[in-house]
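S.K.: For the protein sequence lines, the chains are P and U, in the order given.
In terms of my numbering, the first sequence has 99 at position 99, counting the first letter as 1, and numbering is strictly consecutive.
In terms of my numbering, the second sequence has 217 at position 38, counting the first letter as 1, and numbering is strictly consecutive.
A hint or two may mislead.
[To be verified] Straight-line distance between alpha carbons at most 30 Å, and here's what the computed DSSO-like set of lysine-lysine pairs gives:
1) K167/P to K246/U
2) K247/U to K168/P
3) K232/U to K254/U
4) K330/U to K98/P
5) K190/U to K146/P
6) K325/U to K32/P
7) K247/U to K194/U
8) K78/P to K151/P
9) K15/P to K146/P
10) K67/P to K78/P
11) K15/P to K289/U
12) K190/U to K277/U
13) K346/U to K100/P
14) K110/P to K253/U
15) K11/P to K253/U
16) K277/U to K98/P
17) K211/U to K190/U
18) K347/U to K98/P
19) K110/P to K194/U
20) K253/U to K289/U
21) K325/U to K78/P
22) K190/U to K167/P
23) K68/P to K346/U
24) K53/P to K289/U
25) K253/U to K347/U
26) K110/P to K330/U
Treat the hints as calculated values from the structure; they're not laboratory data.
There are 2 protein chains.
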Amino acid sequence: MIVVLRLGHRKQRDKRVTTHCALVARAFGASKIILSGEQDEAVLESVAALSRKWGGPFSASYESNWKKAVRAFKKKGKVIHLTMYGEPFDAVAAQARKTKNVMIVIGAEKVPREMYALADYNAAVGSQPHSEVAALAVFLYELLGKAPLEKEFRGWQNKIIPSPRGKKVINKFRGVIGT
Amino acid sequence: MIVVLRLGHRKQRDKRVTTHCALVARAFGASKIILSGEQDEAVLESVAALSRKWGGPFSASYESNWKKAVRAFKKKGKVIHLTMYGEPFDAVAAQARKTKNVMIVIGAEKVPREMYALADYNAAVGSQPHSEVAALAVFLYELLGKAPLEKEFRGWQNKIIPSPRGKKVINKFRGVIGT
């Protein structure tokens, strides 16, 4: 079971980036994202709407006390904080593969020092500044490989048929709705 | 040589996501990003400032006529459009490895139909909605592996020393400036 924890969400500034984080968590094999920072029903609702359309299971929830969420998770699995200052991510992913439950923590602008101490691992996807969306995707891809990208999401209403040209989508009720 | 082309940038809405795309392009081994859509000096300048601080070479430029940029590139290499509707990305990356010059195209909200026809390949990193930032990172990682993530950027002023706890940064003039 993989849970993603997004720290320090700011409603105005991070709306789109946090939504990207949630969609990446879902597409690359996590089963849940927990948002912390400013409470933001719009992001939670857009993730829920997307899961209704494209299938599940995936859930998004809010937790104001991120330390509580991290400490609770540490009782059942390993906590990996993605930061550009950390150790090489491939070695950390190899360690994480030995554990059943993994929490992946991604920050927004400024991550509190305590996070570095609370984490079982601080892992870096390269030591250059880039993007928590990219770090999350590449870490999950390294950890789980292609399987989550190829799985069928249960209860889908829309499903894409991969195609070399154009867009081919199956709708559960209407059949192929290519555009 | 790998060039990233970002289509349909919107100044207000895409500022942060486009910046993430540029930083991912730089960190994962592209040498250049071309922005299209609305002209936005602030994004170009923030990428240039980051490259001065963390090293180069990497360049960002603006091109209003994206079709011209794609057609010009097709004379010297292959053009790969990343879209959730495309063919599996790993097979496309295997093809792209045979070519010296690759242009990777990523869209914003709505990509013009012509792009699907102009591309040599339409490639999908999973067939679920997620993020162009993630798609770009995972595609580049699949294409080039870890080497770009481990390389030293020439002319850096700041450089990170990977660390299991906290932040360790070397500044060219001041030495280690851990925080």
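S.K.: Now, for every hint given, state plainly whether the structure supports it.
M.R.: Structure-based check of each hint:
A hinted pair counts as satisfied when its Cα atoms are at most 30 Å apart, and K167/P with K246/U qualifies at roughly 20 Å. This hinted pair checks out: K247/U and K168/P have alpha carbons roughly 27 Å apart, not beyond 30 Å. As the CA atoms of K232/U and K254/U are separated by approximately 34 Å, the hinted pair breaks the 30 Å bound. Between K330/U and K98/P, the direct Cα distance comes to roughly 29 Å. Compliance with the 30 Å bound is thereby established for this hinted pair.
With a C-alpha separation of about 34 Å, the suggested pairing of K190/U with K146/P is violated against the 30 Å cut-off. The suggested pairing of K325/U with K32/P holds, with an alpha-carbon distance near 28 Å, which does not exceed 30 Å. For the suggested pair K247/U and K194/U, the alpha carbons sit about 23 Å apart, so the restraint of at most 30 Å is met. Between the alpha carbons of K78/P and K151/P the distance comes to roughly 25 Å, so the proposed pair stays at or under 30 Å and holds.
A distance of roughly 28 Å separates the Cα atoms of K15/P and K146/P; the hinted pair therefore holds under the 30 Å criterion. For the suggested pair K67/P and K78/P, the alpha carbons sit about 14 Å apart, so the restraint of at most 30 Å is met. Pair hint K15/P plus K289/U holds up; C-alpha atoms about 19 Å apart against a cutoff of 30 Å. Simply put, K190/U and K277/U have alpha-carbon atoms about 36 Å apart, too far for the 30 Å limit, and the pair is violated.
Restraint check for K346/U and K100/P: the C-alpha separation of about 28 Å stays at or below 30 Å, so the hint holds. With a CA separation close to 41 Å, the supplied pair K110/P and K253/U exceeds the 30 Å bound. For the hint linking K11/P to K253/U, the alpha-carbon distance of about 41 Å lies beyond 30 Å, and the restraint is violated. At most 30 Å may separate the alpha-carbon atoms for a hinted pair to count; K277/U and K98/P exceed this at roughly 35 Å.
For the hint pairing K211/U with K190/U, the CA-to-CA distance comes to about 20 Å; that is within 30 Å, so the pair holds. The suggested pairing of K347/U with K98/P holds, with an alpha-carbon distance near 28 Å, which does not exceed 30 Å. At roughly 19 Å between alpha-carbon atoms, K110/P and K194/U fall within 30 Å of each other, so this suggested pair holds. A distance of roughly 22 Å separates the Cα atoms of K253/U and K289/U; the hinted pair therefore holds under the 30 Å criterion.
With a CA separation close to 24 Å, the supplied pair K325/U and K78/P stays within the 30 Å bound. Under the criterion of a C-alpha separation no larger than 30 Å, the hint pairing K190/U with K167/P is consistent with the structure, at around 27 Å. The straight-line distance between the Cα atoms of K68/P and K346/U is roughly 24 Å, inside the 30 Å bound, and the hint therefore holds. The hinted pair formed by K53/P and K289/U meets the criterion: a straight-line CA distance of about 19 Å does not exceed 30 Å.
For the hint linking K253/U to K347/U, the alpha-carbon distance of about 43 Å lies beyond 30 Å, and the restraint is violated. Of the supplied pair hints, the one linking K110/P and K330/U holds, its CA atoms being roughly 25 Å apart against a limit of 30 Å.
When the structure is compared with the earlier hints, violations turn up for hints 3, 5, 12, 14, 15, 16 and 25 and for no others.
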